[in-house]
Amino acid sequence: MRKLTQGNEAVFRGAVAAGARYYAGYPISPSTEILNVASGYAAEHPEFGFLQAEDEIASANAIIGASLAGAKSFTATSGPGFTLMQEAIGYAQKVGVPCVIVNVQRVGPATGMPTMPGQGDVMQVRFGSTGDYTPLAFYPNGVAEAFRVTVDAFNAAEESLSPVVILSDTFVAHLNEVVDLDDIGAGIDVVPRSMPALAQHAAGSPRFFAGVLMYEQGPNAGEPATADADEYLRQFYAAKRRHLDVASRYARFEHGWNVDAETLVICYGIVSRVAAPLAPDFALFRPIRIHPILADELREIAPRYREVVCIEANDGQYADLAELAIHREVKRVPLLGGRISLEAVRDGLTRVLGGGPSEPPVPPPPTERVAPSPLGIG
Amino acid sequence: MTTRIALDGVGGQGVRVIAGVLGALLARMGKEVTVLFDYDSSVRGSMSDAFVIFDDRPIANPVVEEADIMLKLADKGHLRITGRKVITDLGLGRPGDEQIPFASLGSEHFGKELFGNMIALGRLLRLASIDFNEAAIRASLPQRFADENVAAIRFGYELTSEEIGRLARAAPPSRFQMNAAATSPSR
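Sequence order for the protein chains is A and B.
Numbered per the numbering used here, the first sequence spans residues 215 to 592.
Numbered per the numbering used here, the second sequence spans residues 103 to 289.
Source of the hints: derived by calculation from the structure; they are not laboratory data.
Watch out, some of these pointers could steer you wrong.
Simulated pairs of lysine to aspartate or glutamate, EDC-like, Cα-Cα distance not exceeding 16 Å [said to hold, decoys possible]: (1) K133/B x D394/A; (2) K187/B x E168/B; (3) K217/A x E134/B; (4) K187/B x E200/B; (5) K217/A x D394/A.
When you get a sec, could you build the whole thing from the sequences and use the hints?
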């Protein structure tokens, strides 16, 4: 049935449609509705495991444990919680644990502006944990897409044997749109749960869970490989190739608006919705699979345009990655402090396309007292 | 045709309820709808805004920057946007705004000032040319106080311009008194 549905709720519904059986989380704006809906769902579905953990560290480790034991599992948080999860995310990358982590971004760093929309965690997803790894991440820009992308994330997690991230933002999370998720859900393909690591281990195919480099097969199976670069290369590239191979099957993006325009605008998440009135005058490239960056697609599309501008609610994070990918200047329009508006988009485009700086005019300090915001606890 | 509605208030006044009920009602009528909430991080007393857009076609940008109709239940200066038609609680408005003593009407006719938010919803329905379909409204409301809420919405819907003018002249300034933050000066 067509129903007014919230972005956060659509993520949860997508997870259930994809076969999720376990949720652990700690409440934090603007992701909390996912936890709320999960707890209500768990109360009515005893087969669905739910834990409100003591913090985000425990939440991330709980879903890893659930995944190793056989459940499709997920958690949701915002930037500060995602920071706390980085150790667990690195562990899941190293050990090969399929799970899904939702990061509904607000304005950081730290507690920052807890209910304001931001996109400052694009790089944290890519490089947040220690060491080298190749994360997969998706970023929807609406309610129906939040559902579909969540299913993709669970499928990609099973195929890549890795923690897959769904990025969202305050406005996508709190946007309500009229959708029929039953109808969308009827048409999805769900990748079955891969053999749980603990079951593999029990069946005689050793798996190791300390996060230390180990020989997993061959004459040294079960021994540490902590000083063997050859073994590191074998395991690192096996994982990287597997992740890139899976990513290539989910190369989701939108190339639209006026594709014959002179300027290509790159934006994603809520910014792509707010900027939509630019459609007659600009071309759009909207990455939905935000990591790994859609380098081949950008290299094919960007040369058709005289200028490439990235509009994002951070200080140029995706622009940096895009510039590296296409080897040419990407102009930047940063929308900072939660001010994601068409006016700010237009002002920024006029400024940078006129040869001005990416930095917006910074207002002088107020001379009169400004109404204070109550200190939020987020 | 796209209709953009902005609601500006503080936590506790029912901005989310008005927007949620309006959105559910429009969805039930087969419209494309976006409802977007924007709020600060404390539950009561700080900004609580909502944007409701409806159309017969899908809606791209859910953020309202120029509202066709703007309802102001508090004057904390959060929303830096303009409204072609502005309705406010009595005493909050500027020249040209339509001022209605929502809170005192809620208290006088329905026993609680909070019903003023449903009176405001009724006025919004009228201004947005949305038919008063009682069955659809009832199905879009929370079950608690459904009869009272339907009656309050009808009351707001049936207000005439003459009556609004008379009320504005007769009534004392009316604002939601449930929390001081709604009425304290912002600067």
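Hint check results:
1. K133/B x D394/A: Answer holds: K133/B to D394/A is near 13 Å, not above 16 Å.
2. K187/B x E168/B: holds, 10 Å
3. K217/A x E134/B: Distance of about 10 Å is within 16 Å: holds.
4. K187/B x E200/B: holds, 8 Å
5. K217/A x D394/A: holds, 6 Å
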